[in-house]
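Asks: Okay, here's what each chain looks like letter by letter:
Protein chains: 2
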Amino acid sequence: MGSLDELTRLLGAQHLLTGAATEPYVVDWRGRYQGEALAVARPGSTQELAEVVKWCATHKVPMIPQGGNTGLCGGATPDASGRALVISLARLNAIRHIDTDNDTMVVEAGCVLQAVQDAARSAGRLFPLSLAAEGSCTIGGNLATNAGGTQVLRYGNARELVLGLEVVTPQGDIWNGLRGLRKDNTGYDLRNLYIGSEGTLGFITAASLKLFPQPVAQCTAMVALNSIEDAVAVLAAARKGFAAALTGFELIAANCLQGVVRVYPDQRIPFAGASAWAPWFALLELSDSESEEHARERFKTVIGQCLEAGLILDAVIAENVAQSRALWHLRESIPLAEKAFGKSVKHDISVPASRMAEFVETTNAALQQQFPGVEHVIFGHLGDGNLHYNVAPGTAFTEEALLARQADIHGLVHDRVHAYQGSISAEHGVGQLKRDYLPRYKDPVELALMRRIKAALDPDGLMNPGKVL
Amino acid sequence: MGSLDELTRLLGAQHLLTGAATEPYVVDWRGRYQGEALAVARPGSTQELAEVVKWCATHKVPMIPQGGNTGLCGGATPDASGRALVISLARLNAIRHIDTDNDTMVVEAGCVLQAVQDAARSAGRLFPLSLAAEGSCTIGGNLATNAGGTQVLRYGNARELVLGLEVVTPQGDIWNGLRGLRKDNTGYDLRNLYIGSEGTLGFITAASLKLFPQPVAQCTAMVALNSIEDAVAVLAAARKGFAAALTGFELIAANCLQGVVRVYPDQRIPFAGASAWAPWFALLELSDSESEEHARERFKTVIGQCLEAGLILDAVIAENVAQSRALWHLRESIPLAEKAFGKSVKHDISVPASRMAEFVETTNAALQQQFPGVEHVIFGHLGDGNLHYNVAPGTAFTEEALLARQADIHGLVHDRVHAYQGSISAEHGVGQLKRDYLPRYKDPVELALMRRIKAALDPDGLMNPGKVL
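One line per chain: the protein sequences are A and B, in this order.
Last residue of the first sequence: 469 in my numbering, with the numbers rising by one and none dropped.
Last residue of the second sequence: 469 in my numbering, with the numbers rising by one and none dropped.
If we strip away everything but chain A, and leave its shape as in the complex, we get (with noise of 0.2 Å):
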């Protein structure tokens, strides 16, 4: 191995952190996972980067790309060995550059994504990726992860909003890939490989990030139902009245809305009488590029032919920008409110919407059966096909005793996820948490590809050990 003081000459005794210095580095934010590191290197520069990465190859040192450290998956925490050098992209922040007139912008890995946003809407435009750490997470991280969040349903994810990367590979070459173009068929399409590989292939340094006018009004609506049938019909009807107008399609369940209300006791169910006790609600939002007025004559429009086809039971469509975010915080408030249903088994699962009633009757059945009394705490993306799937004690269980069960739950969920044809990360990613259910539900063909594509591009395996693969 090589002498730190390499290092410590390359980036300045102040970005070498070793010893205690390392600590916030070396365990995930939900503290599940705690590691050890070698050191913490902060490179301020692509270069300064590239110079440490071919120490690191040089002396065979393993690397833990980090960015904003908010993962859910132990992706950016190091193993217990103290081997590995955590390399933290957070002083490369740059906002390089924004072209209005391309609508595009290249930022650098550690901008926070807020600060991407914000700089976006200072130029005019929109960049749309938005998730509920987005005041900390990196868009390196967001990247790294194909991160998904609240606006998929239009923009796509997080892969979907980049047009050209700058990455530094496992031996220190820096591939400068910051094209702004929107068409580019000149070969293998690298960008969308480092995308989502969660650090196991190389560093994304920077990234050429799509912009999008920003909407003249957004407008938000909130449905009681009956099924998830209807919700799946009620999505159908709003993506054909709103085409890509429809920016958000959320589905929640009756628990999850009562207990915000219970947690929170100045948010409110917007419904009364029968309605207030559906079983499922779906919060729907519309950017529109006329007027607010305009959106909500468009919403009269499609949520009164639901109402004719008996799809909805109410609907309550916000009459100014207050109610609309009074709505969306109810749907917000939902992961904070969880609590009031004690610690939960969490699954982040997407299945086709055609089959996402069935699946969720089914699995709820089979949950009971073999954990009788357990709470199904179901809310999320149904536009996406994603749900947060969680698993609560209920009145049947103690914390303690549900936690002890967590992996024959896990066992069961994503068994049927997979049965249904359904992924068990739609958007948070494999890290150290899901590595190990890969080579149950992936097609051994599929694994085999990704081993000899990390084997041709990190042969020494430096990168990310134990992650993914």
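Just so you know, these hints were derived from the structure itself, not from any lab.
Take the hints with a grain of salt, since some may be wrong.
Put simply, identical chains are the same to the list, so a pair is met inside one copy or across any two.
Stated by the list, open to error - Subject to a maximum C-alpha distance of 30 Å in a straight line, what follows is the list of computed DSS-like cross-link-like pairs (lysine-lysine):
| hint | residue 1 | residue 2 |
| --- | --- | --- |
| 1 | K442 | K339 |
| 2 | K54 | K442 |
| 3 | K54 | K300 |
| 4 | K240 | K300 |
| 5 | K300 | K60 |
| 6 | K60 | K454 |
| 7 | K339 | K54 |
With chain A held as given, fit chain B onto it using these hints.
Replies: Chain B in isolation, oriented as in the chain A frame:
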């Protein structure tokens, strides 16, 4: 080498073509590349294809995947050695499944694009990929080359329309990755690696495609413009005013329209007076989810703003479907009318929209300096930054004299595209035609990464040799 008898036994004699029967398969449709084939195999299923591939892998026989054989870069044509087996996917032409609740369909690679569009339409949905060869090209070829076309502005390139793939590897293994999920973060993005790899990494045998609601109404407008700068500003206004309802934005140089009406006297330029002599025109298409009347009103608003801002000289908004078709017909007739200018030297390029005006101005000037008197024939998808930038003989050259300078003209144009951070193949791919340009214009690190991936997935180099790399 193994005996072809084995393949004949596998496929039946009528599906293993030899001798003169191979002729239509060994020349590209423009007639630029003429090769020879050991034979042409026409497997009837993915399983049969995998058996053929295993035979090739065992006997080290190069394989040339072929769909509709409509490519423009010689990507599906064998070399002259006669050693390679052409493998036609034409018989894998089933529409396997349409799921309207999930808005997905699964189709086999040999389906003609128009058949895919028709099947979607029959199910009340839109599959938006649309291009000139749609009556004979196949979806497998569209995905192998990441085809573009006229709807990219709204719906993206072919890769953005795909959720999953079925692939036969160069070793004859079948990867079933036919997922119908909009979110799945469980590993490397192999799907996008195969899409656009032009058959050099394996065979795409089927795909899970995204479907969209059919627009309720479409409306088209044409505007007369003073400059490309103004066209870029109108594009920004249209993106702002129409958001994703803007489904087309085509730039057309005046001489292209004049060529069309000269060759097709039944067509006419829809402007009178000075506007008919404007140097540039743009065609805008709006897809509306409300009504034709609403679409026209939106056009009036945004085009009115552009007129007031002095960005537009004049505008016509189609009053009905027939007028919309007539405007599109003008645009679609340009490639056919190009013969009015004599055989031209063609370029399929993209540059950032913000640099388009400067690129055209300086490249035109450089061409006039080096090849005085050539005529510039410029049109294309400005909304995607993609131009067909063609150079015709003009007054100073015969066709022969111009074509004798073809390599020099390509060199000049491509060098300038590169200087403007553009792409020398925006939508047609690389094939044989542009392979030797890549080392000049691609980042060497990127090319090295591509070669590593090629070697990892196709270590014997049997897949479509001589293409791309």
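Asks: If a hint holds in the structure, say so; if it doesn't, say that too.
Replies: Comparing the hints with the structure gives:
Taking the closest pair of Cα atoms, K442 and K339 never come within 30 Å of each other, the shortest separation being 33 Å inside a single copy and 53 Å across copies. Taking the closest pair of Cα atoms, K54 and K442 come within 30 Å of each other only across two copies (23 Å); inside a single copy the shortest separation is 33 Å, beyond that limit. Taking the closest pair of Cα atoms, K54 and K300 never come within 30 Å of each other, the shortest separation being 60 Å inside a single copy and 59 Å across copies. In this assembly of identical chains, K240 and K300 lie within 30 Å of each other by CA distance both inside one copy and across copies; the values are 14 Å within and 24 Å between.
Taking the shortest alpha-carbon separations for K300 and K60, neither the intra-copy value of 63 Å nor the inter-copy value of 64 Å comes in at or below 30 Å. For the identical chains of this complex, K60 and K454 are neighbours both inside a copy (16 Å) and across copies (25 Å), given an alpha-carbon limit of 30 Å. With identical chains, the CA atoms of K339 and K54 are never at most 30 Å apart, being 46 Å at best within one copy and 55 Å at best between copies.
In the structure shown, a violation is registered for the earlier hints numbered 1, 3, 5, 7, in ascending order.
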